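A.B. asks: Residue-level listing of the chains:
Number of protein chains: 2
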Amino acid sequence: MVWPEDRACDREWLLKAIQGATGVLLFLTEKVNAELLDAAGPDLRVVSTMSVGYEHVDMGELASRGIKLGYTPDVLTDAVADVCVMLALMAGRNVGEGISLVEAGRWPLFNWSPFALCGPQISAMPGYPPRIIGFLGFGRIAQAVLARLVPFGVTHFHYSSNPASAPNNARDAVLVERYKLSTLKRVDIDQLAQHSDVVFVLAPGGEKTRHLVNESFLKRMKKSSILVNASRGTLVDSAALALALREGWIWGAGLDVVEGEPDVTADHPLVKEPRCVIVPHIGSATLETRVAMATLAVQNVLAGISNEPLVASVNL
Amino acid sequence: MVWPEDRACDREWLLKAIQGATGVLLFLTEKVNAELLDAAGPDLRVVSTMSVGYEHVDMGELASRGIKLGYTPDVLTDAVADVCVMLALMAGRNVGEGISLVEAGRWPLFNWSPFALCGPQISAMPGYPPRIIGFLGFGRIAQAVLARLVPFGVTHFHYSSNPASAPNNARDAVLVERYKLSTLKRVDIDQLAQHSDVVFVLAPGGEKTRHLVNESFLKRMKKSSILVNASRGTLVDSAALALALREGWIWGAGLDVVEGEPDVTADHPLVKEPRCVIVPHIGSATLETRVAMATLAVQNVLAGISNEPLVASVNL
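Just so you know, the sequences run in chain order D and U.
So the first sequence is numbered by numbering that gives the first Met the number 0: it starts at 0 and just counts up by one.
So the second sequence is numbered by numbering that gives the first Met the number 0: it starts at 0 and just counts up by one.
Just chain D, with the same shape it has in the complex (with noise of 0.2 angstroms):
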């Protein structure tokens, strides 16, 4: 059965449409639980997400079951690399305020001068230190984000992984050479505050990684740096980007993700906040992604069917 509208499905539709399935289909919008698997009944082999993170998916209640789980990495990684090097530059270039100067009529009114509207330049620039950009987490889309900000003469990387994971000092060997790198180097987390000009965070959601980010993380960055998040609300403390925002601890913040999205509103603390630029999730959103995604969720249903081994599959 397929959900026949262009929106995000009744909970109660689904609830019935899935009954005696062996398959489904669905999206970050639809909350994977017991009563979920219960209304599917005995027959559920596999629930393929069309989607990179699983935080909706309660892994627990597959594994008990016997239930595969497929996502789609890897696909959506360049879409992602994309929006986070515009959200950096957004953010730098105060981009925000540009944009409301404009459609509010003020451009007439600028008062144009040297240094008006002026921001943090992210491309290297002689007589200047070298920027260093940092990244919280550092799989498959921050080095994508790395190879990207390589042409802009950035040449001073680091980041932070989850503390329990060992060292990859093969793979970052390879990216020092094939990029050129003259600093690529794992930090701790307070380092990676302290040293960068640009944060991304490119971390797992979920109740190990929340609120990573925050008061004292913010405190500890400099003030002409920028925050960029794209991979989970649930890292950032909102609270504490809007207050750091506000006082200037940091220069801007570009975000995908917010916290609790999508119920954010208009006097939401962080879209009050002019050198806060936000976009609705639209990270993996292109054309051509989207088809790559829901081609490779269809075939890890299919197999999932079939009881053969899913494309794509997370290790429950």
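If you're looking for bench data, these hints aren't it; they were derived computationally from the structure.
Please read all numbers here as calculations on a predicted model, not as lab measurements.
Some hints here could point you the wrong way.
With a straight-line cut-off of 25 angstroms between C-alpha atoms, the simulated BS3-like cross-links for lysine-lysine are [to be verified]:
{"hint": "1", "chain 1": "D", "residue 1": "184", "chain 2": "D", "residue 2": "218"}
{"hint": "2", "chain 1": "D", "residue 1": "179", "chain 2": "U", "residue 2": "179"}
{"hint": "3", "chain 1": "U", "residue 1": "221", "chain 2": "U", "residue 2": "271"}
{"hint": "4", "chain 1": "U", "residue 1": "184", "chain 2": "U", "residue 2": "218"}
{"hint": "5", "chain 1": "U", "residue 1": "271", "chain 2": "D", "residue 2": "271"}
{"hint": "6", "chain 1": "D", "residue 1": "271", "chain 2": "D", "residue 2": "218"}
Given the structure of chain D, go ahead and fit chain U onto it with the hints provided.
C.D. replies: Using the frame of chain D, we list chain U on its own:
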């Protein structure tokens, strides 16, 4: 004498302050014409503009009076190239609509669906034809944009130059080799319009290039294509572009400049187009670049006063 306020200086003040000067440092906002030069008197040796463009300067008047013209090329190349990449990404990813939706408090009501808010992807995508990026004008800034797009997986580029200029095959061969390009071709303007996924307008302003992007150019472009203008507003016919966006001849536009700026009001046809993102001429607006431009402009005016060759002078 120095204009004391942090805004463009009053004409009346300038006409008095310039009397008897041997040099003057000014901005795009000041028209350099017979009136100003008459007010200055016969001692004026140098006009130093803190800009890379000089369409606010009457070159004939300067030449006939033997006055030198200094400008600030090169130092703003990276800042403007950054904005070009940003605007191309913003226009493709429907950022104007995305920001409006969030600011108006419509995110909670937004019906997520697999293709909502999707736009064309700039990064190369397996299974799709390669992106072709076009430059109208292929100077320093265009070449800096080209370099930035290579790690987006783009290897096909073409450009149109002033038809009177000689081909520069040696330079193109160097770029092909350095960036491992598949194609770098000089083409005529019709082919440029027809085959590009993104067109960056990066040619000088003035009468010769006025409305190079007109209805006929825009009608030749792909429906999924993007137009970026970060040079001068006069190159693009605003009425034709508004029509192209309204009728879907092209996907979107990102503009740092608009003809007739800063007199661009909220009811301007381009400001009203949701697929047109406009920022108020911030191409060079970074702290680092504006300091570099100011430094070069000061060096030019000092050299001119001392009858020494300018660091960067326009050939009159």
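A.B. asks: Against the structure, test the hints numbered earlier, and report the numbers of the ones violated in rising order.
C.D. replies: No numbers; nothing is violated.
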